[in-house]
Each structure stands twice: as C-alpha cells, then as structure tokens.
Amino acid sequence: MVKLEIKGIVKSFKHESHKLMALDGVDLKVEDGDFVCLVGPSGCGKSTLLRIVAGLETSDEGQVLFDGKPVTTTGPERIMVFQEGALFPWLKVQDNVEFGLKMAGIPKEERNQISKRYLDMMQLTKFADSFTYQLSTGMKQRVAIARALVMDPDVLLMDEPFASLDAQTRDLLLVEMQLIWEKTKKTILFVTHNVAEASVLGTKVAVFSNRPSKIKRLIPIDFKRPRLVEDENLLGVQKEILSELRPEVKKSR
Amino acid sequence: MVKLEIKGIVKSFKHESHKLMALDGVDLKVEDGDFVCLVGPSGCGKSTLLRIVAGLETSDEGQVLFDGKPVTTTGPERIMVFQEGALFPWLKVQDNVEFGLKMAGIPKEERNQISKRYLDMMQLTKFADSFTYQLSTGMKQRVAIARALVMDPDVLLMDEPFASLDAQTRDLLLVEMQLIWEKTKKTILFVTHNVAEASVLGTKVAVFSNRPSKIKRLIPIDFKRPRLVEDENLLGVQKEILSELRPEVKKSR
Amino acid sequence: SETNKQTSENTIRVAFFPNIGHAIPIVGLERGIFEDNFGNSTTIERKLFDSGPQVIETLFAKSIDLAYVGPGPAINGFLKSENHDVVILSGAATGGASFIVHPNSQINSVDDFAGKRIAAPQIGNSQDVSLRNYLSENGLKPYQKGGTVIVLNIPNPDIYTLFTKGEIDAAWIPEPWATILVQELNGKRLFYEEELWPENKFASVLLIGRQEYVVANPEVVVTWLESHQQTVNWINDHPQETRIIFNQFMQNTLGQTLSDSVVDEALGNLVITTDSVNDSIYTFAQRADSLGYLGRDGYTLDGIFFDKTTNESLGGNN
Amino acid sequence: MKKNILAKKIMFYIILVIIWQVISMSDILPSNVFPSPYEVGEVLMYSAADGSLFFGIGTTLMRLVVGLTIAIAIGVVLGIFMARVETVNQTIGSLVLGLQSIPSIAWVPLALLWFGLNDVGIIFVTAIGAVFAVTINTYTGVKNIDPHYVEAARNMGAKGTQLITNVLIPAAFPYMISGFKQGWAFAWRGVIGAEMLFSFLGLGFLLNVGRQLNDVSQVIAIMVVIMIIGMAVDGFIFKKIENKVMSRWGLR
Amino acid sequence: MKKNILAKKIMFYIILVIIWQVISMSDILPSNVFPSPYEVGEVLMYSAADGSLFFGIGTTLMRLVVGLTIAIAIGVVLGIFMARVETVNQTIGSLVLGLQSIPSIAWVPLALLWFGLNDVGIIFVTAIGAVFAVTINTYTGVKNIDPHYVEAARNMGAKGTQLITNVLIPAAFPYMISGFKQGWAFAWRGVIGAEMLFSFLGLGFLLNVGRQLNDVSQVIAIMVVIMIIGMAVDGFIFKKIENKVMSRWGLR
Ligand SMILES: Nc1ncnc2c1ncn2[C@@H]1O[C@H](COP(=O)(O)OP(=O)(O)OP(=O)(O)O)[C@@H](O)[C@H]1O
Ligand SMILES: Nc1ncnc2c1ncn2[C@@H]1O[C@H](COP(=O)(O)OP(=O)(O)OP(=O)(O)O)[C@@H](O)[C@H]1O
Ligand SMILES: [Mg+2]
Ligand SMILES: [Mg+2]
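Residue numbers (this note's numbering), protein chains in the order written: chain A, 1 to 253; chain B, 1 to 253; chain C, 1 to 318; chain D, 1 to 252; chain E, 1 to 252.
Just so you know, the hints here were simulated from the structure itself, not pulled from any lab data.
This structure is a prediction, so every number in the text was calculated from the model and none was measured.
By construction, the Cβ of each residue, glycine as well, lies at the ideal position given by its N, Cα and C atoms.
Do not take every clue at face value.
[As the list claims (entries may be wrong)] Distance ranges between label pairs, derived from CB positions:
#	chain 1	residue 1	chain 2	residue 2	range
1	A	L65	D	I237	27 to 33 Å
2	E	V33	C	F191	25 to 31 Å
3	D	Q21	E	K239	46 to 52 Å
4	B	D120	A	L235	30 to 36 Å
5	E	K239	D	K239	28 to 34 Å
6	D	A49	E	T69	42 to 48 Å
7	C	T300	D	A7	43 to 49 Å
8	E	M45	A	T73	48 to 54 Å
Based on the provided sequences and hints, a complete structural model is requested.
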C-alpha cells in the first residue's frame, strides 16, 4: 500500500540577487512501512522536501498524498525531527518530550511513563529536570528524537538526527531505530549525509540530483536486519549510492 | 615549542537537581603546529574545554597558557568555529566572513579579496549576497568555517565543524584542512565524533574519559599526508582510538 | 536667567486668561490703549494662560513680567518666593463668583449642604478658599476631613461637564461659568459671593508684577498703570463694545465665542476696577492660612502691595 | 555579592542627595525654583505623619491594580489575535497603533463625560493608557517567536488554544514581560495623570495640590514617592520575574 | 494583495464611522456627551480651513522631532551602558526605572519653573517622557542578545565601540526598534500632554481649548488628528523599518 505519494513537487526561494530553484519536480512513492533514506548534496533541498511533507511549507507545484488524501497542513501522523532541534527553552527536558502527549490530552501519569521509556532509551534520564540550554548539542538532538518517537506517528520525518551524535551513541541508535521500525512498522523519511548510515537503515535510498533537484535514483536495499555499520555486505550498496552521488556533488561545485 | 598548555582544568555546572562536574582536571600540552583532535562521549565537556581555551568561559580551577602567558580573555590568535554556527543574521554571507577583518581595520578591497578566496574554497560564491536564514544548515556551517579561516589565527578551535556536511564536501574539506594546516602550520584543536575524521586530520588524538572527564589518552598519528578517509593504513589507529573510547561511552550510559 | 537677559527693554511680557474677568488686558490690548501709551518702540507680548498657579510658575522662571491673576496665586507666589518675586500693582476686577445649585438637588440654604457634592475650582484658588471658609463658618466640614460635605476640586470646564450629568449638586464658581450654568443648564444662583463680603466687594482679579522687573522698570509700571486705568474707564463706559471686543478676541484666539447674553450677564456680575480691595486680600490670606494652604511657618504680607514711593527710590538707586 | 550591590546602590543615592543638597545650598537657584532635599524630606515627613500620604498611596495603588489587570487581560488577548490573524492586524491593529498614540490625559475629558468623577473614570484612563502597550508588546513577542517553535508545536498536534497557552505565550513571554512592564509604566503614568486632572484623591491629587499652591517642595516630594513606588514595583515584582525567565531561557 | 489590504482597512474604518454615526443619531446619549462623526468632521473642516489646525500640527511635530531625537541619542547610549556595565545598571539603572514611572505631565510644573513657558520647556517634557523607554528597551535588547553572537564577535577581535556598533546595536535592533517606537509613543504623549498643560500652541493646546469651552466635538476632533498622525508615523516610518528588519532576521 502506498502511504505517501510525492508528486511533481516544485519549490523555489527568493534571494537578494536571484531566484533559487530548489526542488524541480520531485516524485517519490513511499510504501507503508518503508524506511526511505534521502541523500544528496548540501543545499539540494532535502530539508525543504521534508518540511513540505510535514505540511510546514507549501510547494509551488505538485502535491503530497498521505493515504491518498492531499496534505494541506501539519498532522500528528507526520512528525518531524528538526535539523536544528527546535526544543522549547521554557520547558524542562521531560516536559519537552511529553509535549505532544500533553497536546493529545493524555493524563500525566501515562505521559510520565511513556516519556521515561524514551528518555531512558536516549540516555537522558539524569537530565529529565534540566533545561535545554544546559545540554550539549548531542544531548539536545537526542531529546528532539525522543520527543518525536513519543508521538508514535505513522510517518516519521527525520532531518539528519544523528549528525551531532558521537559514533557510539549513533551506532546504538542505528540498532535501536531498526528495532523501533521493525516493531512498529512505521514509515520513515530519513535525511542523512552519511552513506553508511543510509545503507544500514534504509529499505530504499533516494539520491537527489544537484539543484534544481529531482530524485535521481531510488536504490532498494534488501539485506536482513539488524544491520551493523561494519557489515561488509553493505559495502556494495554504499559504493552504488556513492557512484550516483559523487557526480551530483561535483556539479554543485 | 609548547603553544598551548592546558593545566588541571576543572569545570562544573549547576543544574536544577544537582551539580554537574563536567571537566575534572584536564591536562594537555599542545605543541606549536599540532593538530589535536578531541574525541569523547557526548556531553563529556569537549565544547566546554574549547570555550575555556577561547577565553569565553572561565574554569573553576586550573589554567590555560598560550605561549606561556595565561589566557584570561578572548583574542584573535585563538579563533573558534562554534558548533551551532553563531552567524550574524543581520549581515550577508560575505559580510559575515569579512567580520573579523573589518574589526581588525583591514580596508574594504583587501577584505573582499580575502573573503572571495575563502567563499570560493567553501563553494559559497553564489551565496555571498544571501542572508544566513536563506542557507541550508550545511551551508551555514561552511560560512562559519570560512569566517574563522579568514582570521588566520595562531590557534584554530573547531567544534564539530563537519558534522552537518555531506560526505563529499567533507572529504574535500578534509583534504583542504590538511593543506591549510601544512601551509600555515597552524595549531588546531578539533572536536569530532567521527573517528575516521580524527585519524585523517590529527597529529594527535586526545580521547576524553567519561564525565567527570580527564584526557584519558593522547594517541600520536605519524602517517604522511595528505591522508584520505579510505586509507587502509589508518584502520589500525582508528581501532586503537575506538578501543579507548568504547568503554567510556559505555560508562556514560 | 537666560530668558531674563534676552528680554529687551522694549518688550513687555504680560500674562492673562481668555476670560471675561480679564477684560482689562483683553480690551486694552485689542483697542490698542496700551500700545498707544507706550509708543512704537515697545512691543507687548501676550501670554495666554488658563491657570493661576501656572502663571506663577512661569513668573518664577522669569518668562513673564506682568500678569493678571486671582488673589490666591498672587499670595502663594509672594509667600513661596519668600516675599521677593511677586508684587501686587493694582486691582483689575472685583466680584464675579456665585454659588450655583443644580436644578435637581434640594439645596435652598446652607442647611441642606450635608451629604451633597459641592465643587470649586482648583485647591487654593479664591472660590475654593471661600467655599471651605463658608463651610467652616457654618459649622460644616468637608468629607475628606471627617465631615459631611463632599468638596470636589475640579477645573471649571469639568464642573460644567459634571453639572450636565447631574454628578454634582452645587458649585462655587467664577464668571462666566456661573452664568453659563444658570443660562445653559438651568442652575439656580443661590447667592453672589460679594453678598458675603463687607461693602459687597472683594478682589477677584489683580495685576501683579515680577518684583525684579518692577524695580528695574519703574517707567513701564507707571505707564502700564495709567493705561490700565484708562481701560477701566473705557470698559465701564462701553459695556456693549466690550462684549463685542471680548467675543472677537475669543474667536481669534480660541476659535469660539460665548453667547451674547452670557457675556452680558457675566460682565454685569463683575466690577471692572483698579480697586484691589486690600482688606479682602488680607482676609483671604487669613482664611487660606487657616486652611493650611500657606505652609507651616506662618506668613506675613508685608511688601506685597506696590508702594510707588519706595519703588521710585529703589529704581533711583539702581 | 548581594550585599555589595545593595551597598553600591545606597552609596549612589546618598551621593546623589548630597550633590542635590550642595547645589540647592549654593543659592544659584532660589528655593522656590529648586528646593533642597531637606525641604522635600520635611514635606514627606509631615504628610506621612498625618496619614494623608498613605491614604493617597493606597487609593492610587487600588486604581492602578484594577486598571492594569483589565489592561493586561485585554491586551494579551488582542495582541495574540493581531499576531496570528492577519485581518485583525490590518484592521484593529492599525486602530490600536492610533489609539496608542493618544496620551492618557487626553482621555480625561471623555472619561469625565462618560463615567463621571469617580474611580471608574480614573480606572478607565489608567486601563486605556496601558492596554495598547500590552497589546503591541504581546503582538511583537508573538511575531518574533522563532518559527521553528511554532512549526514543531503544530507538527506535534498543538492547535488553537493549546498552541496559544503552551507555545505562543511561553515563547513570547520575555517580550510579554516587557509588555507588562511598559503596561505598568503607562498605567502608573495614566493613573497619576488622571488624578492630577480629576483632582479626586490619590497621589496625583496630592501632586496637583502642591502645584496649585505653588509649593515646589510638595511637587518634588510626591514625584519622589511616585519614583520610589515605581522602583519598588519594578524591583520586587518585575525584576524577579525577569531574572527567572532570563535564566530559564539561558540568556544570561 | 496590497490593494486588498488597503480595501479591508478602508472598509473597516468606514464601518466604524457608520456605527458611530448610528449610535449618536439614536439619541441614547446627548450630543454634548457623544457627538456624531459629522459634527467632529465639521470642526476639523473649519480648523483646517482657517489654517489653525496645520499650524498646530506643525508646532507639535517640530517639538516632537527635537525631543525624540534627544531622547533616542541619550537613551541608546545609556541603555547599552546599563546592559554591559553591571555597576551602571545597579545604580543609574534603578534610577532610570524610577524616573520612567514619573508621568510626563508631572514634569510640567518643574519644566515651567526651570525653563519657562516656551518651546524648551515643552521639549524637555517630551524628551524626558521618551528617554527612559528608549533606554530600557535598548537595555532589554542588548541583554537578550544570543550570547553566541557576542562570544563569536569578541572572539574575532571585536572590542569596545566596535563591539557596540557592529554587534550589540544590530543584534539588539529588533528590540531597539520597538524601543524607538515606544519612545515615539511616549514622546508623542508627552508633547501633547505638555501642550495641554502649558497651553502654548500646538495640538495639545487646541485639545485643551476644546475642553475649556466644553466643546466635545473639538476634543474628539483633535484626538482623531492625534490618532491619524500617530498611525501615519507608525505606518510610514516604523512599519517599514520593522518589516525590513523582520524579514532580514528570517522572522517571518
Ligand atoms: N527560507 C529560505 N529562504 C531562501 N532560501 C532558502 C530558504 N530555505 C532554504 N532555502 C534554500 O533552498 C535550498 C535548499 O535548502 P535545504 O535546507 O532544503 O537544503 P538541504 O538539502 O537540507 O541542505 P543541508 O544538507 O545542507 O541541510 C538551499 O539552497 C537554501 O539556500
Ligand atoms: N550553560 C550550561 N549550564 C549547565 N550545564 C551545562 C552548560 N553547558 C554545558 N553544560 C553541561 O556540561 C556538560 C558538557 O557539555 P559540552 O557541551 O561541553 O559537551 P560536549 O562534549 O561538547 O558534548 P557534545 O558532543 O554532545 O557536543 C554537559 O553534560 C552539559 O549538560
Ligand atoms: Mg537540511
Ligand atoms: Mg559539543
């Protein structure tokens, strides 16, 4: 079943001296339970596409269908982990994580239970009572992930969530992400610059072309899970992704 | 010659429910022209140490000597690339890059010439006239690096500058960084979570222990340059770093 | 002091209100009586005010030389400057205040005052002092001092407003407001204030001077007083024209006029005169003092009245 | 540390008063134009002794609290509406900016007409002086919220009132605090101004009495009282809130 | 798009005036308490025709511009000092907050005493009414600057004046704009208030004349003029600057 259908998305931005065509006809079908990793040159429009899917930005042309219905606004079935975190400075860590649950009207004890689980998963239990400015960057990013997971959305939109994590935490989360995905069969769009990461996580990897961007190729990955970063089996796919990506990054120079 | 001497740095922070001991006696001697990569668990205090060296934060105990003189404040000889960019939103990209030069009273044409070189190096020429909110995260990070390089400081303090770059741009910058370092013989402190990155760049890699942190080991790397990420020679060092790092990250759980 | 130095000897700065009680400066200046007597080389700068205390503040700041004000501000100015900034040169008007009762309130005499809201203009002015003195003479006390009568100090235009709305029961108020309340709002004139004074007269507008200026410019004072007297005579001979000139002046400066009947009646309730009724000023000061308006240290009015002979000798010494 | 600050402050004010006393004793300006702190202090002593000062303060503060509460309630709601609904901003918003530029005392004649000479009239002037400042600051605060916060919150299902109470208000809070602060400043000015013109009890009335009697010492004495209350409200109420907010936001 | 907004605005005001006219015609309130827009318009026509309105506006604006310029110059410098030097904040800062709470019209008696009945006195009241608002907003703005900006700038060698002009002022600019805006609001209120009490030419004087003559139409007419000028200044000056700043900061 097709969960998300991205059809002919075009998006441009106005700059001082010129108009910048970011996305120029992006098409992508995402099946229910797909884990699609998006890779592409910096500034090609990956974040922008995620924002459009989340309903936070409108496209100039084209549309996004969720379960066949066009996306017009945000919804708790499509939750985004922002590249810059966007944690609420006025809430403690735990309250940040529980935010979505509170909005959904879930009672306090239940919220606490759920958030405890995810704080634990993200190694943040000790910091449940801290404010966000008291955290290191990596810790903030983990809070942002916990805050999204807690929402238990159909579609999870993740914008480079592991970029500022240490390798070990990341390796752990790579395993954890796979478990979560297998258990919940969530549909995930995951932006990353790390080809290894993409090959470990994705059921498919979508490679963006250089700006104005389209999706150049959709590479399926069929290895059994859990996959590890050091799996030699993945080297082949990684090479394939890189061979698609390299010329695009070159063009972007 | 010792350029930077970090002696017995202790630093703690107050949190709601507890006092957090971040750094607990960090010692590090950095020779002139050293390229020291700092790795350690998330939240162990790497950014904090860089801030103390930059003179932006004061330590509870211990001191930092620069050319034998204690550091008390900031100085253009110790320039920091912030983990979060900290670009000035009221300046265009080019003006951001030229900021330090302008502060130093360098005339406009000369500034333009210098900034042009670095904007070019960072693939940002097209965006010289854009404002920072119009850039993608990776682009912002490149502006921040250009802004620091332009200052031509004795000591460059870089806090995960490559975390949100795509692999290709990063590979390119890894080569570029080595060239810059070789040409200028700058002293560099470079925080990263990427062990491969550390092994490519560093003359030494300092591994932090878990919080309250010290420097657990200083591993010298003597391979000839330019090194590439794919160099098989580096695998040994990388293993060594990881073997030091893993137990620390485990402890931090 | 800056402004003082700038004052050319040929400029006289005079303050007055656009009010019928100030008919002397209004008519005298409009008809050119003052200008004629001073000649072309002297300019008279008119400064319009609407509150006596403000005139005194401005006089302290040396921004005016002569002024037409009520006895309240004149005495306050004299005492607050430790007896050396203000001097009373002449009277300008007597009478012209009345006690007006709201048509809906049941006040027929002082016996009905208890529990009523009675207004007078600002604290310390002539009507306020008279009202409070009248109350205490009749054994009444203001509510604020633990008594039964609610005394409200509000500017004249606001008295009108509140009278319209029936929010006050009575007002002790000067002309032309007293007449306006009667003619426009059916107020009842319970009594004229002069009825309460010996010989039915009390000073209501005075001509004062800034002492320093007066001492330095004796000839100006003499000429001014002559013109002042001439204007009094002219006004008393030409009540009709006075009304026309007054309304013209109002039109020119404020863009509005009062109805003819208001001006006529108001003018009829006033006496335009040079008589300063010195006794009423002493009485007034006494009453103000007993109300606590003149400070805690006692007072003396010695030297408040212009003494032509001493002044001339002082002027000579200069 | 804390003691040190207090000592500094006290020193500063002592020096200020000494300079003032020296200038007024030097007789450059006569005391009816520039009274000495001693004379001013005397007036304060007397009016404190006979209770009139405290009665005035009480009256004024009561009016202030009522007026300001009304202003904040209306201002916050209006400000949020203006920031979130473009049409409201384009219509009512432009009117608010116009109304904001009318000085409170210009409302006094109308307040007298519409409400009469009573507390309601004064409270009206107080509230109307403050409400637009609160509105405009709330508006600015909400407008200046990092759009990521709103996006994240909307994305996590926050809507309507929830969005307002859980995100817009806390995110705009640093601005709103300064809105309340200004609102309080306007209200305080408004209530004093109204009392000066209404001449119906309160501190403004006492100031006006001083003026009517050309008693500069009393004028300055009441101004000092106004200042001290202003500083107290600021120091004991707003400073506390502000410090809390600032440190929570990691802004210090 | 732009036209649409204008149309909306115009409609809004037309409806407002119609409602006003209907209420005043319904005779619930007598016209000397609640005049109709027609009567108010008439007053405006007359005073425009004889030029007194424009002379009043000119006089008031001149005083405003001078007073506000002085206030902004002093306020910005003082505000930055307060934000950057803790001692200044602890001493002068507390005084500023006190002075801020003195309503401008409370300064009128002193202004009259110290400067006399002239433009200088009115400008003094105008400036003193605005200066503390500018100061406090500049202070808040500088205090609220993301500390990373200051750190980065210091790190790149910005010091003293350079830091102030190249970082503190631009970074605090969104706040300072609202400081200027409030400063203008206070100055505008101050100048009108002072003119009402000084009774010495200008719009405030005209308003006061209306009040003295119990001419509610004139009072409201002048209030409308005050509002319109307020809206014009806001729309043509501050809105423009603000939009520019907001979009540059990526806040919208
Ligand atoms: N608000 C905006 N205004 C103007 N231009 C914008 C805006 N947002 C994004 N852009 C431009 O659109 C392009 C795509 O941006 P986007 O953030 O989607 O890139 P990205 O693929 O996520 O890059 P990165 O990997 O560096 O995060 C960039 O060139 C950027 O300059
Ligand atoms: N301003 C602050 N207030 C309170 N605690 C702080 C503050 N800054 C940092 N910390 C704490 O100090 C510790 C070290 O933080 P730091 O940012 O130096 O970590 P890091 O090693 O750079 O982590 P990362 O790799 O995630 O960036 C963290 O546990 C953090 O919670
Ligand atoms: Mg991105
Ligand atoms: Mg860090």
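Item to complete: State the violated hints by number, sorted upward, taking the hints as numbered earlier in the document.
Response: Number 1 - this is the single hint that the structure violates.
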